[in-house]
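Participant: Model the placement of chain X on the given structure of chain V, informed by the hints.
2 protein chains.
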Amino acid sequence: MKWENFSKLNAYARLGSLAPVDVKAVMSGESGAERVRSYKAPMAEGMVYSYAAKAVDEDVLAALQALADEAELTDKYAALYNGEVINTGEKRLVLHQLCRGQLGEDVVADGVNKREFYLAQQKRAAEFADKIHEGGIVNEAGEKFTTVVQIGIGGSDLGPRALYLALESWAKANNTLLMDAHFISNVDPDDASAVLAGIDVAHSIFVLVSKSGTTLETLTNESFVKNAIKAAGLDPSKHMIAVTSDASPLANNPDYLDSFYMDDYIGGRYSATSMVGGAILSLAFGPDVFARILDGAAKEDALAKNPDIRENAALLDALIGVYERNFLGYGMTAVLPYSQALSRFPAHLQQLDMESNGKSVNRFGEPIDYVTGPVIFGEPGTNGQHSFYQLLHQGTNIIPLQFIGFRQNQMDNDVLIQGTTSQQKLSANVAAQIVAFACGRENENRNKFFAGGRPSSIIVADKLTPEILGALLAHFENKVMFQGFVWNVNSFDQEGVQLGKILAKAVLAQETEGALTEYSKLLGIF
Amino acid sequence: MKWENFSKLNAYARLGSLAPVDVKAVMSGESGAERVRSYKAPMAEGMVYSYAAKAVDEDVLAALQALADEAELTDKYAALYNGEVINTGEKRLVLHQLCRGQLGEDVVADGVNKREFYLAQQKRAAEFADKIHEGGIVNEAGEKFTTVVQIGIGGSDLGPRALYLALESWAKANNTLLMDAHFISNVDPDDASAVLAGIDVAHSIFVLVSKSGTTLETLTNESFVKNAIKAAGLDPSKHMIAVTSDASPLANNPDYLDSFYMDDYIGGRYSATSMVGGAILSLAFGPDVFARILDGAAKEDALAKNPDIRENAALLDALIGVYERNFLGYGMTAVLPYSQALSRFPAHLQQLDMESNGKSVNRFGEPIDYVTGPVIFGEPGTNGQHSFYQLLHQGTNIIPLQFIGFRQNQMDNDVLIQGTTSQQKLSANVAAQIVAFACGRENENRNKFFAGGRPSSIIVADKLTPEILGALLAHFENKVMFQGFVWNVNSFDQEGVQLGKILAKAVLAQETEGALTEYSKLLGIF
Numbered sequence: 000m001k002w003e004n005f006s007k008l009n010a011y012a013r014l015g016s017l018a019p020v021d022v023k024a025v026m027s028g029e030s031g032a033e034r035v036r037s038y039k040a041p042m043a044e045g046m047v048y049s050y051a052a053k054a055v056d057e058d059v060l061a062a063l064q065a066l067a068d069e070a071e072l073t074d075k076y077a078a079l080y081n082g083e084v085i086n087t088g089e090k091r092l093v094l095h096q097l098c099r100g101q102l103g104e105d106v107v108a109d110g111v112n113k114r115e116f117y118l119a120q121q122k123r124a125a126e127f128a129d130k131i132h133e134g135g136i137v138n139e140a141g142e143k144f145t146t147v148v149q150i151g152i153g154g155s156d157l158g159p160r161a162l163y164l165a166l167e168s169w170a171k172a173n174n175t176l177l178m179d180a181h182f183i184s185n186v187d188p189d190d191a192s193a194v195l196a197g198i199d200v201a202h203s204i205f206v207l208v209s210k211s212g213t214t215l216e217t218l219t220n221e222s223f224v225k226n227a228i229k230a231a232g233l234d235p236s237k238h239m240i241a242v243t244s245d246a247s248p249l250a251n252n253p254d255y256l257d258s259f260y261m262d263d264y265i266g267g268r269y270s271a272t273s274m275v276g277g278a279i280l281s282l283a284f285g286p287d288v289f290a291r292i293l294d295g296a297a298k299e300d301a302l303a304k305n306p307d308i309r310e311n312a313a314l315l316d317a318l319i320g321v322y323e324r325n326f327l328g329y330g331m332t333a334v335l336p337y338s339q340a341l342s343r344f345p346a347h348l349q350q351l352d353m354e355s356n357g358k359s360v361n362r363f364g365e366p367i368d369y370v371t372g373p374v375i376f377g378e379p380g381t382n383g384q385h386s387f388y389q390l391l392h393q394g395t396n397i398i399p400l401q402f403i404g405f406r407q408n409q410m411d412n413d414v415l416i417q418g419t420t421s422q423q424k425l426s427a428n429v430a431a432q433i434v435a436f437a438c439g440r441e442n443e444n445r446n447k448f449f450a451g452g453r454p455s456s457i458i459v460a461d462k463l464t465p466e467i468l469g470a471l472l473a474h475f476e477n478k479v480m481f482q483g484f485v486w487n488v489n490s491f492d493q494e495g496v497q498l499g500k501i502l503a504k505a506v507l508a509q510e511t512e513g514a515l516t517e518y519s520k521l522l523g524i525f
Numbered sequence: 000m001k002w003e004n005f006s007k008l009n010a011y012a013r014l015g016s017l018a019p020v021d022v023k024a025v026m027s028g029e030s031g032a033e034r035v036r037s038y039k040a041p042m043a044e045g046m047v048y049s050y051a052a053k054a055v056d057e058d059v060l061a062a063l064q065a066l067a068d069e070a071e072l073t074d075k076y077a078a079l080y081n082g083e084v085i086n087t088g089e090k091r092l093v094l095h096q097l098c099r100g101q102l103g104e105d106v107v108a109d110g111v112n113k114r115e116f117y118l119a120q121q122k123r124a125a126e127f128a129d130k131i132h133e134g135g136i137v138n139e140a141g142e143k144f145t146t147v148v149q150i151g152i153g154g155s156d157l158g159p160r161a162l163y164l165a166l167e168s169w170a171k172a173n174n175t176l177l178m179d180a181h182f183i184s185n186v187d188p189d190d191a192s193a194v195l196a197g198i199d200v201a202h203s204i205f206v207l208v209s210k211s212g213t214t215l216e217t218l219t220n221e222s223f224v225k226n227a228i229k230a231a232g233l234d235p236s237k238h239m240i241a242v243t244s245d246a247s248p249l250a251n252n253p254d255y256l257d258s259f260y261m262d263d264y265i266g267g268r269y270s271a272t273s274m275v276g277g278a279i280l281s282l283a284f285g286p287d288v289f290a291r292i293l294d295g296a297a298k299e300d301a302l303a304k305n306p307d308i309r310e311n312a313a314l315l316d317a318l319i320g321v322y323e324r325n326f327l328g329y330g331m332t333a334v335l336p337y338s339q340a341l342s343r344f345p346a347h348l349q350q351l352d353m354e355s356n357g358k359s360v361n362r363f364g365e366p367i368d369y370v371t372g373p374v375i376f377g378e379p380g381t382n383g384q385h386s387f388y389q390l391l392h393q394g395t396n397i398i399p400l401q402f403i404g405f406r407q408n409q410m411d412n413d414v415l416i417q418g419t420t421s422q423q424k425l426s427a428n429v430a431a432q433i434v435a436f437a438c439g440r441e442n443e444n445r446n447k448f449f450a451g452g453r454p455s456s457i458i459v460a461d462k463l464t465p466e467i468l469g470a471l472l473a474h475f476e477n478k479v480m481f482q483g484f485v486w487n488v489n490s491f492d493q494e495g496v497q498l499g500k501i502l503a504k505a506v507l508a509q510e511t512e513g514a515l516t517e518y519s520k521l522l523g524i525f
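Residue numbers (numbering that gives the first Met the number 0), protein chains in the order written: chain V, 0 to 525; chain X, 0 to 525.
The shape of chain V in the complex, shown without the other chains (with noise of 0.2 Å):
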């Protein structure tokens, strides 16, 4: 297996070599009808990734076919699933996929079978959720545990967060929302005040997660959700838990009721179906909801292994993602799910994307000559078209579209008015957003002219439960995972961020010089 950089393949002299697809001509008339009836890959779930309305044709896929194939997309994926060290920079292995199944060989790390690892902290996350929904566990006062509050930031906190809010409206309609649900992340005191400040300290269980167990928002939140525990008459060691490492001052600590574990070989913003998520969506929903993300997850996770780009719909949809970056020199993608429920998961993919694959050189560490990851920002519709839509019609640039749709509402609610439903009324902008992106209109008045040819998917599910939002996240790991591959970027390390830090640190020491000190100064830091 070669990784070799994307301009020296023979793709991507090929892909530039290309006529540019015309989105307008193709997606109008009964060609438009014909591509969306065939232009159309297969999820797990009964989910479908249609691309009708992307810059792509018959030559298009060929060439991107023929990427996958030279780039050896699926063999990395495998080598990836069976244990090798992907994460080059920080020398580890890459298993998330390994939380949710066993996609390969057995990967043995550290003496350890990963997958029975995994497994096992499943399982004992699940008995202490069940014992304190139970009552098994208890307050100081014997009162069951109400609410569920994570302290993380980053991949400890979007994800779960967006986890947890895509499927809280649904746990409510399905009587499975067994703990309320609570989030602790910035490192600005008010965050913390404000959420402790909602809640009842006595009937709350806190997660903590750092993998490392040093991340200083976190240490510095544990501190005041400590001092709000106290203040209540209350000991910390009974309300708090722990996600941490095995090795990390956290795991096996007094301090906590009990300490669940991932490990080096899952990155923070990879971490959702881990116990970084898997802790608070047991306590929240309840373990068979979150097995049953994981099922989703695992069954997405499954279909990614198919060489064939037509039936592969997150290799699919990377490779139209890397034509549009490399090719047609989109610099952004936008996310926009038609589902209030999916509020913060444009927020999660921003950082597993631009996290991801927002690097400078190739994983070897050498120079590359080509852009990488956009820049991702989303919300959901219709919310959006009554914001930011205005430029992606009519703005002097073409912004690529994934849009992500549902047939049916997540709760039994719903009103007619002028003959149709809230989610008819919902799913009819969705369609119509991209007919309008894809077509524009003439008009002799150029204000209200659209020049259409902007281009645009959608994943189409029936309904957002467990099993498709696992499946949903798992397609865009796997999405981001495969550029990385194309792009030849470790997509699972994150040294861009060390620089701030060190200069942070060396503001709070006092040791600065030049523009810290002045911006120091400005900020009356001292």
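Rather than coming from a laboratory, the hints here were simulated on the basis of the structure.
Some clues are possibly wrong.
Which copy is meant is left open, because identical chains are indistinguishable; a pair holds if it fits in one copy or across any two.
To be verified - Derived pair list, reagent style SDA-like, types lysine to any residue, alpha-carbon separation capped at 25 Å:
id: 1; residue 1: Lys225; residue 2: Gly103
id: 2; residue 1: Lys171; residue 2: Val200
id: 3; residue 1: Lys462; residue 2: Gly88
id: 4; residue 1: Lys225; residue 2: Leu415
id: 5; residue 1: Lys237; residue 2: Thr145
id: 6; residue 1: Lys90; residue 2: Phe525
id: 7; residue 1: Lys75; residue 2: Glu3
id: 8; residue 1: Lys171; residue 2: Gly197
id: 9; residue 1: Lys171; residue 2: Ile198
id: 10; residue 1: Lys462; residue 2: Ser222
id: 11; residue 1: Lys504; residue 2: Asn444
Facilitator: Same frame as chain V, now just chain X:
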């Protein structure tokens, strides 16, 4: 006064001929310290706009001043606040600044002095809020209302929501959180269901916000809410007020307890300081707090009259943004407030900026030959540092950054860890980031190498109070307005949202063809 395309101005050619400033070089050593001391502009309420880390020098600043003069930017602002028809597409005045102060001549439209009209609405809303707070207006059981829920989308949601969240903790700490506020926006039926499940309908006032009284999402959600009120055995007309134009079907309508008015001269995304924000904020925090927001905004509006770019932060911020967009080739701006309270402020600015200046025709409906508004995205720090900053530091594209920092947090509670408070850590981080982005750092390991040269500005304030919040809001409104003047676009219409509405209606009426029919089937709409 001339309205000419940017590319026709002498300043355009001059700006294009300037040598780019090497941010890394000028921000290093004593030069950097001197820039931080001198490259700052005053703002209202003691705030400072620091542009030391931007790619500007004396030559660039002189050229930007020449642009401001040649394009008559402050004259155009004066024309706007003196009541000229600045919104050329819709043939409307643009009067949102008049909600918070009289900047110029009396503006009389439709036979009404508009300043007096807006003041009268503020006074009526204040009296209404006082009655609610004092128990002069109560629910059917004679009990006080405790909760207020806004029903609105786009500008009727994002701005008011961002402002409410910005002051919620501050208000709690200052005993002026008089009612909890919630927001229903999305046509997704689960949005309304989730909000309604979390509140006590019997003690809730709903604020229905729609200028035209015809917004699909808002009327649909109104029905949702009315059903919930009726299901609780209550009378909807005793629980709802309307914010609308005085000609809309919602005005003076017995279905509402009262109605408060804005008009066609205040665009949705500029309406946070009109009754759109005023009703809910007066109810949540009391009329005095809303008045303080208006005071801060009015002071900032007054500063924006200054033709000297070094004394006019909004103007300078606008011009630097134009320089980055049109001459340095940067297509995005990240808004990064170091305050959890500003968690949704970037989403508001995203609408404000992208909906205003995401245009491809000038104010006369003629095509233009230069790029306009950038993509805006952002999340609070330090959270973003653990998410997408990797790409900002080491990605292959440069993205200008707009930081916002505070010297103090909003609540009194803080914790001392390793000798510093959380607030000090927060501020140290933003100072460190600016310098890390600007100056970078050498490293033989290219994976740990930071190129630097990544420009940023920062607005620094003491503390996020109502006045500061109002001033911040006005700063960005005025920045966007000035950029629209430079680009010669109409920043006050949004024709780009219309096509999607038309096609969605066609779907719901089952009057589709081609791709739209197929997408409708895929989404299972009928």
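Participant: Run every hint past the structure and note whether it holds.
Facilitator: Against the structure, the hints come out as follows:
1. Lys225 x Gly103: neither (43 Å within a copy, 55 Å between copies)
2. Lys171 x Val200: Both ways: Lys171 and Val200 sit 22 Å apart in one copy and 18 Å across, limit 25 Å.
3. Lys462 x Gly88: neither (39 Å within a copy, 41 Å between copies)
4. Lys225 x Leu415: between (49 Å within a copy, 13 Å between copies)
5. Lys237 x Thr145: within (14 Å within a copy, 34 Å between copies)
6. Lys90 x Phe525: neither (40 Å within a copy, 53 Å between copies)
7. Lys75 x Glu3: Cα proximity of Lys75 and Glu3: one copy only (12 Å, versus 55 Å across).
8. Lys171 x Gly197: both (20 Å within a copy, 11 Å between copies)
9. Lys171 x Ile198: Result: close both inside a copy and across copies, 19 Å intra and 14 Å inter.
10. Lys462 x Ser222: Between. Shortest inter-copy distance 23 Å satisfies the 25 Å Cα cut-off; intra-copy 40 Å does not.
11. Lys504 x Asn444: between (57 Å within a copy, 22 Å between copies)
When the structure is compared with the earlier hints, violations turn up for hints 1, 3, 6 and for no others.
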